[in-house]
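S.K.: What follows is the residue order along each chain.
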Amino acid sequence: MEPLLEIDSLTVSTRTTSKRLLDGVSLRVAPGEVLAVVGESGSGKSLTALSIMQMLPRVLEMSAGRMTLAGTDLTSLRRREIDTLHGGRIGMLFQQPRRMLDPTATVGSQVAEPLVRHLRMSRREARRRVLELLADVGIDEPARRAQAYPHQLSGGLAQRVMIATALAASPPLLIADEPTTALDVTVEAQILQLLKQKKRELGMSVLFISHDLNVVSSIADRIAVMYAGRVVEVGTADEILTQPEHPYTKALIECSTLRTDASGQLYVIPGGSDTARELDHGCRFRPRCGLTQEAHLEQVCDAREPVLLSIGRSPAEHECRCWGTAEEREGA
Amino acid sequence: MTDTAIAPTAELVKLENVVKHFPLRRRGFGRREFVHSVDDVTISLEGGRSLGIVGESGSGKSTLARIMLGLQEPDSGQVDVAGVQVTSLKRKDDKAFRRKAQIVFQDPHSVMDPRMTVRQSLTAVLAQHRIGDGPEREARIVQALREVGLEAEYLDRYPADCSGGQLQRIVIARALLLEPTLLVCDEPTSALDASVQAKVLNLISQLRRERELTMVLISHDLRVVRLTSDRVAVMYLGQIVETADREELFTGARHPYTLALLAAATHVKGDEQVVAQGEPPSPVHPPAGCRFNTRCPLATDRCREEAPQLAEVAPGHQVRCHRWSESRELLAEITGTEPHDVNDGV
Amino acid sequence: MSVLDGPKTITPATLTPDSAPAGTVTRRNRTRALLRQPWPLVAGGAILTVVVVVLLLTPWIAPSDPAEQDLTQRFAGSSAAHWLGTDQLGRDVLSRMMHGGRFSVTIAGTTVAICAVLGTLLGILCARVRGAFDEFVMRVCDVLLAFPEMIVAMFVVSILGASKTTLILALVVGGWTPFAKLARGVAMEVDARGFIEAARALGCSRSFIVLRHLLPNSLNPLMAHAALRFGHKLITVGALSYLGLGVQPPAADWGSMLAAAQPFLSQAPHLVVYPGLAIFVTALSVTMIGQGINARRGSRS
Amino acid sequence: MRPIRPLQGAALCIAALLTVPACGSFSSSGGSANAATSSLTIALQFTPKAGYALETDDAFVLAQVGCLETLLTYDFDSGELQPLLATKWTQTSPTAWDFTLREGVKFQDGTALDADGVAFALNKLLKSATPPRAFTPKVVSGVQAVDASTVRITTPKPSTLLPYRVASVNTGIMAKAAYAGRGTDVIKHCTGPFTVTAQKPQQSMSLERNESYWGTKATLAKAEAKFLPDGNARATQVRTGESQIGLGIPSASLEELSGDKSIVVSEAATPRTTGLYLNYGKAPFDNPDVRKAIQMTVDLDAIAKTIYSGTVEPASGPFAANEPWAPKGVQPAARDVEAAKALLQKAGYGPDKLSLSLRAYTERPEMADLAAVVQEQLKQIGITVKVTMTDYAGMEPALLGGTYDLALLSRNHLTDIADPIGFLEADYTCKGTFNISHYCDPAFDARLAQANSEKDPAARYTIYAELAKQLHEQAITVYLVTDKTIAAKRAGVQNFVDDPLARYALTPQLSQTD
Amino acid sequence: MRFLVRRLTVLVAALLAVSFLVFLIPYLTPGDPTRKILRGRVNAMDIDPAQLESLRAQYGLDRPVLVQYADWLATAVRGDFGYSYTSQAAVMPQIGAAAMVTLVLAVGALGLAIAVALPSGILAAMRRGGPVDTAITTVTQAFVAVPEYWLAPLLILVFAVKFGALPSAGWAGPAWMILPCVTLALRPISYFTQITRASMAEVLDSPYIVGARARGLGYYRTILRHGIRNALIPVVTLLSVWLGGLLGGSVVVEVIFGIPGMGRLVFNAVHNGDIPMIQASMVTIVTITVLLATVTDVLYTVINPTVRGSHVGS
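Protein chains in written order, with full-length UniProt numbering: chain A, 1 to 332; chain B, 1 to 346; chain C, 1 to 301; chain D, 1 to 514; chain E, 1 to 314.
No incorrect hints appear here.
Here are the simulated BS3-like pairs of lysine-lysine, each with C-alpha atoms no more than 25 Å apart in a straight line: (1) B/K92 / B/K14; (2) D/K127 / E/K36; (3) D/K328 / D/K455; (4) E/K162 / D/K261; (5) D/K386 / C/K164; (6) D/K217 / D/K176; (7) D/K217 / D/K88; (8) D/K188 / D/K124; (9) D/K157 / D/K88.
To be clear, the hints were calculated from the coordinates, so they are not data collected in a lab.
Bound conformation, chain A alone (with noise of 0.2 Å):
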């Protein structure tokens, strides 16, 4: 199937030192598909989204890297376009749904922005159109949320209300960034079932950007593990989730569960992920990856950047950056 986004070599550093902040980030949502970006934090997943938004600080340039949305090019829309992709092609949700609710404006008000701006709808079609909506997400008495102000809300039911203005003008693609992570457990769940539902119901695609492998692991259909601005890792949530091939993936995965040793010690990675950042050549792993050692490859991952290489038994589907797994590959 045409995948509905499809993200190219993605590159984006800062304008004043070139530092590469995202280097050669390549994505492909399909129809329908949730794609889950997990990383820790650094990893350049919120980058990612602000680049497909357009929505990059001035700081930053998008150095190189081809984007599109269900055909259209991302990178060369006009102003206009622009503001016709964000909330009418696509959604997004952030972590902090309160703060990103204008506080002096109502909460009706501001769910009805998109209705009027891309479904062109009068004020009085989209205020009612606004309490449907509302009432869509699971809001209880949506007249009365309508009236609220957003510091009025609780964690759970700002999300909501932020779920339903960005599907207010129907986007084929949502992109959730950590929209769950603020949340209380039970609330999360919540808000992760609503999601579900209404991915289901209205058929779109879903980039959601999360820490949390065991979050992810309830709602994506495929995964893509980044690590110091680089996906290292890509495939079905399964695979990823049971069969992880990378080194990265498996400690995190590790970490995840909080599971203890035999010692009674919990799984930890070596080094701190600050470390990637010194490094510009080689694998940005390295210093933190058992296998390296294991398999003798320090030369290799020392002297080249792995590749993103195709493995595992549907080729496309999982891919991984690991001159370790290649090797172990290429040796069987």
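Using the hints, position chains B, C, D and E against chain A.
M.R.: Chains B, C, D and E alone, transformed into the frame defined by chain A:
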């Protein structure tokens, strides 16, 4: 990990009927409103054991920790920690008490004075307690850092120059400088990345073993509590709704809220009915009757009218629910599944 | 997402989540702040230093006695003998400005110092004690703030007569209130920060907490405010002198020199230009210092 | 000019701000550029403060603008009384004077001036809470209408000077209706050549020609009087052409104005002398040598030239040389610093032995400089002077209580009536009410008493001259300069006369051409 | 609105405190308080000593101070502060007229300040760090250091004397407002620009701006709809403070430009020791300022819903 090698001793922490309501800013001549942060909590913990307190935001668990440490005065109730009546702590006895009980907070960046180097922050603690002299303090600090796996080079850094994980370890080192018998950890890892979280949790259990610490660990994450606690108490809107030994709680929880937490933590793929409905109510106006009744799929009229009391359902296992006897079965029916083990998630 | 190991170098500020500790942002900005020290701070500091040094050394370096007259040399322009010319009585303008500046700057400085200390102490006390005391002090502040400064000053001067002490008193009456409000606010903000509670938990004494944590962390905004106030007071003192309610002749400060020079505005503009410039430059320098401190603070938090 | 309403004003202001260039035309309509020749604006020194109550100085304003008229008027140059609203005045008994009113005088509201109205007005003045010094119950017992055109004023004691009293502007007569409320209703209630048509408190007064004036009709059709208490502001007004005439120009502004060809500056001697008052009642001023030494030290020429920009003359006594009662041939004290030092030495005050305080007041702009000059010059003979400046009210207790050393004071010697006797009595007799010198000489007092009962002015003036000479020669007060009043007008203004007594400014003769 | 009740309570308390202080002025200043009080009541230049005792009894000045205060307050509330020593007229009408003048002046100055400061502050914030920002910030910061008693004469010299374009002094129409307003506006321009810039910068950095853009509002529409309104909240608060401050703070400007406003009135009253006038003007100024503060607070809650009652949770 939770090493039971440490023999339980007499009760080290004992809270009885502790109540803490925070007044809200009064508006006009209206009735002053209160946040019912902690409502009639009774807890006891034997020396050498560790207690995990679980709850969502607004459940009052952090307030409880502060009350234990005498950082917040309860409205009523008895707080007895390490043989000290914390509620009637005199100023002159304060320092002695601090050497018995210490706390580690959630955000390591906020608890370090940004204008002091690590050395200054740590030395100040020793100086305030008149422990040792210059060189001895220095030695102790270096030793403390080493114990948490950091080199002496960190001493001259400012908090802003340390990563969260490093800083949390420094904060733990600082708390342990006073060689306390009780260590309260309030969400010690929830501000950290997964890989760092493991590191800090490892450190905490290691220190607990080595120093034979009594611990209270507060978290919203059941998995963290499970790793570190002998006993677990679940809080909801200022009340303890269920308390039991670890295994008992994780396998035989009876309160619908505990079960909801367990279910939510598993992140099962699919479309199971979520067991807690809606949003947590405001702690300013807690619901009448059972506080969970607004979100409980099992709530009856009785639940909405009569507040349940903690009932002993098994030795050491108390539940605050009218329908505890049938809750597991009924919920299983509703969701169509058995409650999961929290570790089954990934 | 919560983020601690490694600075979140790339996340735009707009997306920095609630839970992200200030530290990650701070580190980045500190480096930037080091690279780009706020120039107003440096420039303002330099100007003020020059002004203060000149005023301190005035008794020794002033070219002549500020009262010495030469009625034949009136309204003279700049010359080797009189760098800034002479006034309507043939007095040396430079010397008069140097001596006059001592009045202006001392009065403004003393006032601000008293206001700052008094206000800060009361403000911090309010933040620590809270309750009825706090409420009372803040209401008093509100009332005093309702009085325009000039009105209060004129009123006090009218009761007590014009003198240096009266002038200082008149400006202190309402002048401490902004400091109290600011100090209280800052102290409460700092108080609510984790490290104060942590210090309590570690058994640090109250005095230690106030002196080593609260005060140093509150100091920057207070200093910035004091600098801005100083400039403001300098102008107010000049205004009172200008109206004849401040420094009384034969003593002169920059304000009264301006007033005295008014009739000669087009005939001897230097008499108006120089004292005005002195006020402007001095006030500007402290304003720049204040802005500089604020800018530094702004880039850190 | 109509009063602006706040909102309207704000709106206009914003409009004006948007069209700053247009404002040029706005202001020039009141300025000289295209002003109608029959109108003019004058900037007055005094601001009416008491609602034009005639017992206060506000009466001067009303007189200056050509509204208020008195029964008689006093010619400053000739020293003679002249008729105004009254045409004849005769002493009918030692304690009574009869005044015959001018025929056909009408108030601007149309009512006629008659004896009844005059008696009413003057009695009203007499009974006011604070009657003016020229017309108090102490010196006037009552005013009656004898017939329709004759008014009789009686005095408690025989008085030769009474006619001078009704030349004081405070005794101006207004229509009965003017006195209805508090203060005086000035709109259309005068007899003068100009009618007040509108007034804005603290701001200005609008005037029109009184078409039914009994005398020569005014040349100007309209006039505007502005009250500007700040001397510099008045000077500026003339420079900008906002006002065509500015009264009471500070001497400091003179040099600026004199550079402008389109401005004419006039100077007029006033019966006012600025002096350095010495506290005779206190050592060392009881010593004539000390007083003389100070007198010889102060450089009157320099003061007159610099501080007063050469507009004034050095004083040779309390009176200006052109006044009829000024002693003839008296010269200002010659400056001789060495002799002064010697005198001081003789009096037992060697160099730097004497430390004195000098008090001066801030209301007069030149005082600060004057004090500085006196301080600096006395330093030359080894007297250290500490200057204290306050407002006048802050200084008066010390003056009257005799707790000062030196004081600078500008004194008007014709305050009440056109005769300096009041001044001499108050300032230099033993029981004088304003004897701040604390000078007491029974012989002086006796001589002055003689003058009081002397009917012949010439004989009186001789006594005054003699006493003035004594004050100067004994250096009771070190007289510095005889003041002048300075007015500035634009060149187009014709026939303007600056009255030294500040009684009139807008006169029928006054005109304005381009 | 309970909050309003609370505000009004504070207001009344403040006024009581101030009025008591003001009432005490005759007692605090040198001289016989009885005479001074009676002068203002009886409206006489001075009190005849013979009548002093009877007047004292008649006006109740022999009673305890607090009772006198209650009396004084009762008359004051009716707007009767007695008669001015100098003008011999009731003080309140004079104050009313002067306050109106100053109000016009202050509104004009603030209007000008807003007209200049808002666009420049917003522009500076939008071009943060750039040359436009640096220029605006530097210039407006320098404005604060300009003494108005220096600027005003220079303005007069240039615009009235040299060009003859504007009147130099007086209060006769809109043209007379321009120079005083410009002089007065300088400092508020500086503060308002800085506040607007800071608050606009903060708003532009706010997540909800990103949120609004993500809804497809576009950059400029976002700033228009969600940016400026939020950025103006602190400016509005400042506005009334300044209005109150200018009410008595324009003394110098009123004196230099010969404007018959509150500042000059108080200046003259203080100069002349006109106690009834001082008392009435003090009370007026404080009343207006505190009222303005209250209005601002109300306004603040109107434009900033976050300070209104919040519902935690549901």
